[in-house]
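Residue numbers (the working numbering), protein chains in the order written: chain V, 1 to 418; chain G, 1001 to 1302.
One or more hints might be untrue.
What the simulated footprint calls covered on chain V by chain G, stretch by stretch (three residues with Cβ under 8 Å from a Cβ of chain G suffice, anywhere in the stretch; the number is not a length) [claimed, not checked]:
#1 54-63
#2 162-169
#3 214-226
#4 304-315
#5 373-387
Residues on chain G that point at chain V, a partial pick, calculated with CB under 8 Å [said to hold, decoys possible]:
#6 Gly1045
#7 Leu1049
#8 Asn1060
#9 Tyr1140
#10 Ala1158
#11 Lys1250
#12 Trp1269
#13 Tyr1276
#14 Gly1286
#15 Arg1293
Keep in mind that the hints were calculated from the coordinates and are not lab data. Keep in mind the model is a prediction, meaning the values are calculated, not measured. Every residue, glycine too, gets a C-beta built ideally from N, C-alpha and C.
Residue strings, one per chain:
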Amino acid sequence: MVMVRKKICWAFFIFFCAFICSMPAADRSYAQSTQINLKKCLKCHPALGKEIASKDAHAPFKNLQCSSCHNPHASNHKHLVKEQIGKLCTSCHKGKKEKIGKKYSHPPFEEGACLKCHKAHSSKNRKLLVAKSGELCFNCHARKEILSKKHKHDPAKKGKCLTCHGPHTADHEPMLKKSLKQACVSCHSITSNKAKKSHSYYPVQDTKCTSCHNPHASNHGGLIRERSHKPFARKKCTQCHNSAQSKNPLAVKGKGVSVCTACHPSVSEDFRKVNAHVGRGVFCTNCHSPHTSDELHMKKAKETKVCTGCHQDTKGRLRDSKNKHKHPSVMEGKCSDCHRPHGSNFRLFYGADEIATCTGCHKRHASFTHPVGKGAIDPRSKGEITCITCHNLMGSRHDFSLRFNRKKQLCIQCHKGY
Amino acid sequence: MNMFRRGHLVIPFLIFLLVIPATALCAGKGKIKHLTSITKNSETGRLSLLSGLFFDESRNRLYVTDTTNKRILAFDVDFKFVSEFNAGGALGAPTSLARSSKGRLFVAEPAKGKVLFIDIKQKSVRPINFSAVPKANAVYPGNMAVDSADNLYIVDKANQRVLIFDADMRFNRQILVKDGNGLIDVKVGPNGNIYTLDTIDGAIRVFDRRGNLLKRFGKKGKDKGEFNFPVSLAVHPNRMVYVVDQHNHKVLAFNKKGEFVLDFSQLGWREGRLHYPSYIYINKAGKIFVVDRGNSRVSIFE
């Protein structure tokens, strides 16, 4: 009986060892089968063969694991990838997923458009980037603004954008790794005698450096922005501020907006309207820079950026890729082509009534169009038909920024009989 | 046993029959219906930029400012046109309006930086004296409200504050909405609390009569119950707060704790829908008046 038990134990032991030994062989055969699959892939995609040899090829690609990203048979996504690109990437690159909690996101990262910056299989550049890091950024950002200027900030000149900016997410605007102040003072002293003198001994340590300096490039020394407010250019700081030696040197003279209207009296008239962009304190500085600017009319930033700073919902609409058809002025960020930034007696801050605002440019439509204005009544609202009854100029999915498909849906809103 | 088994099925079925209609009724309670709309007609003529609205409880009259046409329109309790009024040509571009229990009419003229005080009985039109108001930017009067003691509350958009004048038109005090951004509307609740709305930060603030901040709620965002571009608020007699979201073409309602309850209407041109609405007012009977500026009409809900 004991002998039989021993035999059973030995048989079990031998079987167990044989099973363990067979496992790598099985694994090998799986790997071999994957290689065979890749060979199958290469039959139709021969260019990929060269890419596999690349030093920095994407690990799953290099390891012949095509099916970790692609479904060889069918998919709802382009190139037979298993998931939407963003989701597919973050399923492995979880570190990037964690970055979602940060306050600001690079739009391609937010939209899951990883392939705007990275290649999927291989690249000559680090981190599978589609171009060298500086070149890559310049594909979308500020190439002209930086390269055409006389003076350039060293990191920008060398294309080392990531010295200051984060590529995916950041806690500070505009995609800065550190706060604006920290980003500057980590390299530049503002307490040195030279810095104090150049700021006319005003305590600027808590101010925003980029309100006067362009962080990338400028035609002026010290990277001072292109346009300067006259008192600033003449170093007549006391025209608006208390003296540098006073108790509160950065405070402005006078009450509220009077510091601006004292020299720009005609602007006050612009605000005496039914709708006005008025606000607390020196509200002119909500949109205009009082010292230097790269933009017309000393605007703080490009017009769209200034406007969407408050009109966040409009920013969302402008970015919505579904709304392909937009008015050219919207595309070019020229809000003030139609809207009056200071004040207006018309709704939505238009410069004139809705029809006159449009026919100011679209002159032919003033005489030849679907009836609009007096006598042309929208049967739905009983109000007058205007251009924006049918067009949504801020963005639409339909041709000519129409609110509905013009082939039928648009017309039958009112012309029921058809 | 069979009976018992049958009962086992019948009881839940009966509960189902009882519960479903009850839930439906409760849901119906929160539903807002469109009653009617005031649109242009042969009596009113063309309506232009509609701005303010006030319902006079004592006279059962609805007043609406037709800004670009420089007039105030009056409608009866059935929303039929009664008359129009331009204070003998004194109105320039009237926006907000309010009326005291003594029949005094207050009309904001932001383009002139004035609030006119119209005494219809005495046929006089005078601007309210702002000389006692603490100096800052020139007053830019926005929306207004009157409380039960005839105190007048004026939004001063150029200084992010509410100016309060007593029943004798003397400046009484101000409430600074310090941490706000884009103060646009003020209303007084049934208990005398003061409600303000800021467009840019999308916040509703509730102050007591002394101006102490009691509560802050509401925020901008894309989720349900969040605002795109809130421009006006009103307090229901049941203390629910209704907010017009101009760019979402909706009205959102919050309970007295500030929790989102419901929203109604959507972008559209047909009756009951809204196109860039600009102002909201609720009378004591709970009727909700929305100035539907894009459609040049007043939509009335209940």
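Hint-by-hint comparison with the structure:
no. : hint    : in the structure
1   : 54-63   : violated (count 0)
2   : 162-169 : violated (count 0)
3   : 214-226 : violated (count 0)
4   : 304-315 : holds (count 5)
5   : 373-387 : holds (count 7)
6   : Gly1045 : 11 Å, violated
7   : Leu1049 : 6 Å, holds
8   : Asn1060 : 25 Å, violated
9   : Tyr1140 : 5 Å, holds
10  : Ala1158 : 4 Å, holds
11  : Lys1250 : 12 Å, violated
12  : Trp1269 : 4 Å, holds
13  : Tyr1276 : 7 Å, holds
14  : Gly1286 : 25 Å, violated
15  : Arg1293 : 6 Å, holds
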